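Trainee: One-letter residues, chain by chain:
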Amino acid sequence: MGTWLQEPLTWTNFAIFLAWGVVFLFIVLGFVTYAIYFERKVIGWMQLRIGPNRVGPLGLFQTLADIFKLLIKEDTIPRKADRWLFILAPVITYVPSFAVLVVIPYTDSLYFTDLNVGLLYYGALSCISTIGIILAGWASNNKYSLLGGMRSAAQMISYEIPLVISVVGVILLNGSLSLRTIVNGQGDYFWQWNFLPQIIGFVVFIIAAVSELNRTPFDLPEAESELVAGYHVEYSGFRFAFFMLAEYVYVFAIASLTTVLFLGGWHAPFPFLTFIPGIIWFILKFMFCVFFLFWLRATMPRIRVDQLMSFGWKVLLPLSLINVFVTAIYVELFIK
Amino acid sequence: MKGLMKGLGVTFKAMTSKKVTYKYPDVPLALPDRFRGIQYFEPDKCIVCNQCARICPTECITLTGKPNPDPEKKGKVIDTFDINFELCILCDLCTEVCPTEAIVMTNNFELASYSRDDLFKNKEWLYENNENIRKENNSAMTTRGGIKKDV
Amino acid sequence: MIRTEELLLNVGPQHPSTHGVFRIVVKLDGEVIKEATPVMGYLHRGTEKLAENLNYTQIIPYTDRMDYVSAMTNNYVLVHAVEKMMQLEIPERAEFLRLIVMELQRVASHLVWWGTYLLDIGAMSPFLYAFRDREIIIDLFNELCGARLTYNYMRVGGVKWDAPEGWIDKVREFIPYMRKKMEEYDRLVSGNEIFLTRIKGVGTYDAQTAIDFGLSGANLRCTGVNWDIRKNEPYSLYDRFEFDVPLGTNGDCYDRYFIRMEELRQSLRILEQAIEQFPKDGEIMGKVPRVIRPPAGEIYARIESPRGEIGCYIVSKGKAEPYRLKFRRPSFVNLQILPKLLVGETMTNLITILGGVDIVVGEVDC
Numbered sequence: 001m002g003t004w005l006q007e008p009l010t011w012t013n014f015a016i017f018l019a020w021g022v023v024f025l026f027i028v029l030g031f032v033t034y035a036i037y038f039e040r041k042v043i044g045w046m047q048l049r050i051g052p053n054r055v056g057p058l059g060l061f062q063t064l065a066d067i068f069k070l071l072i073k074e075d076t077i078p079r080k081a082d083r084w085l086f087i088l089a090p091v092i093t094y095v096p097s098f099a100v101l102v103v104i105p106y107t108d109s110l111y112f113t114d115l116n117v118g119l120l121y122y123g124a125l126s127c128i129s130t131i132g133i134i135l136a137g138w139a140s141n142n143k144y145s146l147l148g149g150m151r152s153a154a155q156m157i158s159y160e161i162p163l164v165i166s167v168v169g170v171i172l173l174n175g176s177l178s179l180r181t182i183v184n185g186q187g188d189y190f191w192q193w194n195f196l197p198q199i200i201g202f203v204v205f206i207i208a209a210v211s212e213l214n215r216t217p218f219d220l221p222e223a224e225s226e227l228v229a230g231y232h233v234e235y236s237g238f239r240f241a242f243f244m245l246a247e248y249v250y251v252f253a254i255a256s257l258t259t260v261l262f263l264g265g266w267h268a269p270f271p272f273l274t275f276i277p278g279i280i281w282f283i284l285k286f287m288f289c290v291f292f293l294f295w296l297r298a299t300m301p302r303i304r305v306d307q308l309m310s311f312g313w314k315v316l317l318p319l320s321l322i323n324v325f326v327t328a329i330y331v332e333l334f335i336k
Numbered sequence: 001m002k003g004l005m006k007g008l009g010v011t012f013k014a015m016t017s018k019k020v021t022y023k024y025p026d027v028p029l030a031l032p033d034r035f036r037g038i039q040y041f042e043p044d045k046c047i048v049c050n051q052c053a054r055i056c057p058t059e060c061i062t063l064t065g066k067p068n069p070d071p072e073k074k075g076k077v078i079d080t081f082d083i084n085f086e087l088c089i090l091c092d093l094c095t096e097v098c099p100t101e102a103i104v105m106t107n108n109f110e111l112a113s114y115s116r117d118d119l120f121k122n123k124e125w126l127y128e129n130n131e132n133i134r135k136e137n138n139s140a141m142t143t144r145g146g147i148k149k150d151v
Numbered sequence: 001m002i003r004t005e006e007l008l009l010n011v012g013p014q015h016p017s018t019h020g021v022f023r024i025v026v027k028l029d030g031e032v033i034k035e036a037t038p039v040m041g042y043l044h045r046g047t048e049k050l051a052e053n054l055n056y057t058q059i060i061p062y063t064d065r066m067d068y069v070s071a072m073t074n075n076y077v078l079v080h081a082v083e084k085m086m087q088l089e090i091p092e093r094a095e096f097l098r099l100i101v102m103e104l105q106r107v108a109s110h111l112v113w114w115g116t117y118l119l120d121i122g123a124m125s126p127f128l129y130a131f132r133d134r135e136i137i138i139d140l141f142n143e144l145c146g147a148r149l150t151y152n153y154m155r156v157g158g159v160k161w162d163a164p165e166g167w168i169d170k171v172r173e174f175i176p177y178m179r180k181k182m183e184e185y186d187r188l189v190s191g192n193e194i195f196l197t198r199i200k201g202v203g204t205y206d207a208q209t210a211i212d213f214g215l216s217g218a219n220l221r222c223t224g225v226n227w228d229i230r231k232n233e234p235y236s237l238y239d240r241f242e243f244d245v246p247l248g249t250n251g252d253c254y255d256r257y258f259i260r261m262e263e264l265r266q267s268l269r270i271l272e273q274a275i276e277q278f279p280k281d282g283e284i285m286g287k288v289p290r291v292i293r294p295p296a297g298e299i300y301a302r303i304e305s306p307r308g309e310i311g312c313y314i315v316s317k318g319k320a321e322p323y324r325l326k327f328r329r330p331s332f333v334n335l336q337i338l339p340k341l342l343v344g345e346t347m348t349n350l351i352t353i354l355g356g357v358d359i360v361v362g363e364v365d366c
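Chains as they are written, first to last, in the UniProt record's numbering: chain A, 1 to 336; chain B, 1 to 151; chain C, 1 to 366.
No wet-lab data here; the hints were simulated from the structure. Note that the coordinates shown come from a computational prediction; the quantities given were computed from them, not determined experimentally. Among these hints, one or two may not hold up.
[Said to hold, decoys possible] With a Cα cut of at most 27 Å, we get these calculated DSS-like pairs of lysine-lysine:
id, chain 1, residue 1, chain 2, residue 2
1, C, 34, B, 2
2, B, 19, C, 287
3, C, 200, B, 19
4, B, 135, C, 287
5, C, 34, A, 143
6, B, 23, C, 181
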């Protein structure tokens, strides 16, 4: 992959890149389809239910049926809505979610680009989705979605900062923003991965990441028991599907990012296990992260909006800053 | 943090525990004998005493009688007997007051239909509803110096 | 110059957390509530008016549908009022059966409250855990009286059905099972820090306010007022059993939550004793005239329902139908404090407080 990316852009190369892009798109769509299925299954099991089991064997086609239903549904735009913003909002939410995936390395050789500002790129692009959500809340001309949109704006801003600062420790340790370098900087044994030396950063990152995803216990913008469905109250059909899609693509992205930053990417936990290919290790860790999100959703109640704010600013931000200082001192004293 | 961890432990354990869902449409529900479902009506037993129609809190029972075709016998026999299941709340009072157990409950409960007209059940339909008839009827009322004895 | 405006938000009648068709119109400043107006009546069926044309046995199925989460206590308050009026003697076995089903009902009702409250607060699983255990009670009721929700079980003078064979043993087995499950609930929810910060200090009022608003049940006891009709004016056989009335101190949602959890345990305690003392045999129906005609006069009977004091006021003119029937519904009365509690709270706390009051819309609107 790396050698291709270095080659000059010819039509053949462009075709290859395009083909890879399409293949990847379908991999991600497939992931989203089955992530939803597994989420429902896992939560079902945790709630002593069976989960979807009617469509196809073991309910495997349930999500496909749901997507199909969303696609053939009537596309409604409320008359009093701001039409163009209403149409634009799902696009703005979805496009960055897919674009951030470009910087994530899956194995040593399988990656789509090796930006030297990879992490910054991720942080910057994922912020744009917030704008889409706020736009959706505003453009729907619905009070519930407005409240949801406002909550999401406040939440995303408050948690984006600790999210980025919490990984500064990792960056300091590796001296690079490139995700590939960060993975390679993590050792062969699992206690050499970043999650142990950077335990504070890791915890802050996980909390902020869950919050970024708008998932339980931080699902305030949607908060179905308060705001009905928050910012996507008025959306139906495929526009709604795009919001859902964006949410699950972000699950994909965050789970990959956690794996890459803190869980040693494609490294095996012990050197003698390296005969198993790196992609398998990556997928295992990745699946654990995704499962953890579902697990949280099955257990946690929702946090309150004012508590969320004070938690973000008064706890997470100072913690992540302390983490930066401690790491900086450590790097200065022992590594340099 | 400790509370959160404990909670996660509970849900994790639940993952492998026994599931409690009924496989209802595939496997019919087993209901106890006393279950109050759609009534079964036996015209031959009915003595047209009108008690069921009178006790019904929602007035969903309408019945008419006619003179006994056998001139030797006195009294009336049932002519029409209709229960409107749009109104019926299956409260069990009609079967409670019936002196001859002409109307009894069954364990059948599936009444869903595409038309409201289908919910108007007549004598013949109720007579054909003869599956899962309740065995034990009116445990309390027979022993009481009340309704049943005096009729 | 920025112009700000209050936002008039209509919460309900179709809203996931208003427990049915309850509606609150709130004026919001940002997310802070400036004014809240509850609007009720979407489920009004005129039970009291209908009752004027029905005889006393016929009213019983209607009471099932008032507080449909706790139908047994509703059944009881009506028959209790009539029995009090006619000064009927109830056989002991019937009274025991009534008490057992009422306490089982209290457990079932609190379980529904617990599950839906957590659902309001955003946790999904507790709801299903609660319903798993409630299902056992519902099945017990189904076996006893043939219905899962609207039991129509009690009659003036006794109960309709005797306990079927083995039923009492099933109740006996249920008690330790439920105790074990209560521990699981505590592990899952009661220690959860997010949950505790959500309910601590939310919706606080003091004892005097609670009494002024006529609150009852856990909503009153959370302020420390020791008032439980089962203890203070024992009806049925409650004076024969030992149980404690849990009290709070702060009068917030936190106290209300833990009082209800403790009440669950106390109900199990009562059940345990009732099963022990349950008479081997006996009548389940007292000597009752053929047509129930209470003497002319008025009566008010009250009992402790899971939601508070449920009362039944009957004016009789000596006929088979009541001249006037009035239910004092605890949900309705407890709800009156809502506009006062909500001012200054956020949208999120609205849901927490409303859930903490524990209303059943069927009973609010009657």
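Trainee: Hint by hint, note whether the structure agrees.
Mentor: Hints, verified against the model:
For the hint pairing residue 34 of chain C with residue 2 of chain B, the CA-to-CA distance comes to about 37 Å; that exceeds 27 Å, so the pair is violated. A distance of roughly 47 Å separates the Cα atoms of residue 19 of chain B and residue 287 of chain C; the hinted pair therefore is violated under the 27 Å criterion. For the proposed pair residue 200 of chain C and residue 19 of chain B, the alpha carbon gap of about 34 Å is over 27 Å, so the pair is violated. The straight-line distance between the Cα atoms of residue 135 of chain B and residue 287 of chain C is roughly 26 Å, inside the 27 Å bound, and the hint therefore holds.
The hinted pair formed by residue 34 of chain C and residue 143 of chain A meets the criterion: a straight-line CA distance of about 16 Å does not exceed 27 Å. For the hint linking residue 23 of chain B to residue 181 of chain C, the alpha-carbon distance of about 24 Å falls within 27 Å, and the restraint holds.
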